[in-house]
Amino acid sequence: MKFLRSTLGYMIAGMVVMTVWDGFVGPYGIVGGFFAAFIIIGPMWFMNHYVGLIDNPDEFAFVDMAVGIGITGIFRDIFMKGMGEFVASVPTLLLVILGAVIGGLVAAAIEKDMEKKHQPADDEPGPGYNNKK
Amino acid sequence: MTIGQAIATVFGGFLFPFMIRMAWGKMVEEWGPIGGWMCAAFIVGTVWAINHGLQNPMITQSGGVWIDMAVAAGVGVYVASVARGGKVKGSLINLGAALVGGVLGGLLLSFFL
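Protein sequence lines correspond, in order, to chains A and B. Everything in the first sequence is counted per this note's numbering, starting at 1 for the first residue and increasing by one. Everything in the second sequence is counted per this note's numbering, starting at 1 for the first residue and increasing by one.
Keep in mind that a hint or two might mislead.
Said to hold, decoys possible - Partial chain B-side listing against chain A, Cβ under 10 angstroms, derived:
no., residue
1, L15
2, C39
3, A40
4, A41
5, V44
6, T46
7, I59
8, I93
9, A98
10, V103
11, L108
FYI, nobody ran anything at the bench for these hints, they're computed from the structure. Just so it is clear, CB atoms sit at the ideal spot from N, CA and C, and this is done for glycine as well.
For reference, chain A alone in the conformation it holds in the complex (with noise of 0.2 angstroms):
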């Protein structure tokens, strides 16, 4: 059940952004495109991960639904043009993927680093502070 409920999600979230969006950026172009993000995203994001439709505890590593949109999107176009295309996409695909590994790792370091600073202050005077008086 619980298999079923993440692919449905996923399948959802990649099928609509995959046909929508264009839709919306054929006649309105980068204000479509930015339409789009607001109407799909938005109830997507809520249904898949606010609601819960996409099951993800917490102490388990998060798997976006925008893995299922880049898939959506990426199998879209080899059923429809074939491989050959695909291979020709591979620089892409790799670069991006590159880029996104960096942006996670710096992501994650920059969060420890602003964790140190939330902690309390130490409240104790240190060793020798009454002798000074």
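Based on these hints, arrange chain B on the given structure of chain A.
Just chain B, lined up with the frame of chain A:
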């Protein structure tokens, strides 16, 4: 694809998961579900504009198969989550579901597009 475009593509992939990881959780914490909708517009929408929306976008597509910045979000958020102690083994079921869902979704789309 030129060297310059390749470097820009790497940074486009960097930008999206980085912003999600930095701001999304905090916005939901502060504003509840409305925060998620704000992120959908102002992280996804705005970063989409630079990565895909511009006439010369930051992510250069080298072939005919669309590499969406969602790939970057998925990989980057996953890597960050693992780096912060998320267990890989338990996430495999969702990774499998994403693969099955993605292939099925792509197949369904190819029937009518």
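Notebook entry, point to check: Do the numbers back the hint for B:L108, that is, is its least Cβ distance to chain A under 10 angstroms?
Noted result: holds, 6 angstroms
Notebook entry, point to check: Given B:V103 as an interface hint, is the shortest Cβ-Cβ distance to chain A below 10 angstroms?
Noted result: holds, 5 angstroms
Check: Regarding the hint that B:A40 lies at the interface with chain A, is the smallest CB-CB distance below 10 angstroms?
Finding: holds, 4 angstroms
Check: Would the hint on B:I59 stand, with a C-beta cut-off of 10 angstroms toward chain A?
Finding: holds, 6 angstroms
Notebook entry, point to check: Per the CB criterion, is B:L15 less than 10 angstroms away from chain A?
Noted result: holds, 7 angstroms
Item checked: Restraint outcome when B:V44 is required to lie within 10 angstroms of chain A by C-beta distance -> holds, 4 angstroms
Next item on the list: Would you check whether B:A98 satisfies its interface hint, that is, whether its CB is within less than 10 angstroms of any CB in chain A?
Entry: For B:A98, the interface hint holds, since the closest Cβ of chain A sits about 4 angstroms away, which is under 10 angstroms.
Next item on the list: Mind checking the CB of B:T46 against every CB in chain A and telling me if the closest is under 10 angstroms?
Entry: Holds - the Cβ of B:T46 comes within 10 angstroms of chain A, reaching about 7 angstroms at its closest.
Notebook entry, point to check: Does the nearest C-beta of chain A fall within a distance shorter than 10 angstroms of the C-beta of B:I93?
Noted result: With a minimum Cβ separation of about 6 angstroms from chain A (threshold 10 angstroms), the hint on B:I93 holds.
Notebook entry, point to check: Holds or violated: is the Cβ of B:C39 closer than 10 angstroms to a Cβ in chain A?
Noted result: holds, 8 angstroms
Note to self: Let's test the interface hint: is any C-beta of chain A closer than 10 angstroms to that of B:A41?
What the structure shows: Result: holds, 4 angstroms to nearest chain A Cβ.
Of the numbered hints given earlier, the model fails none.
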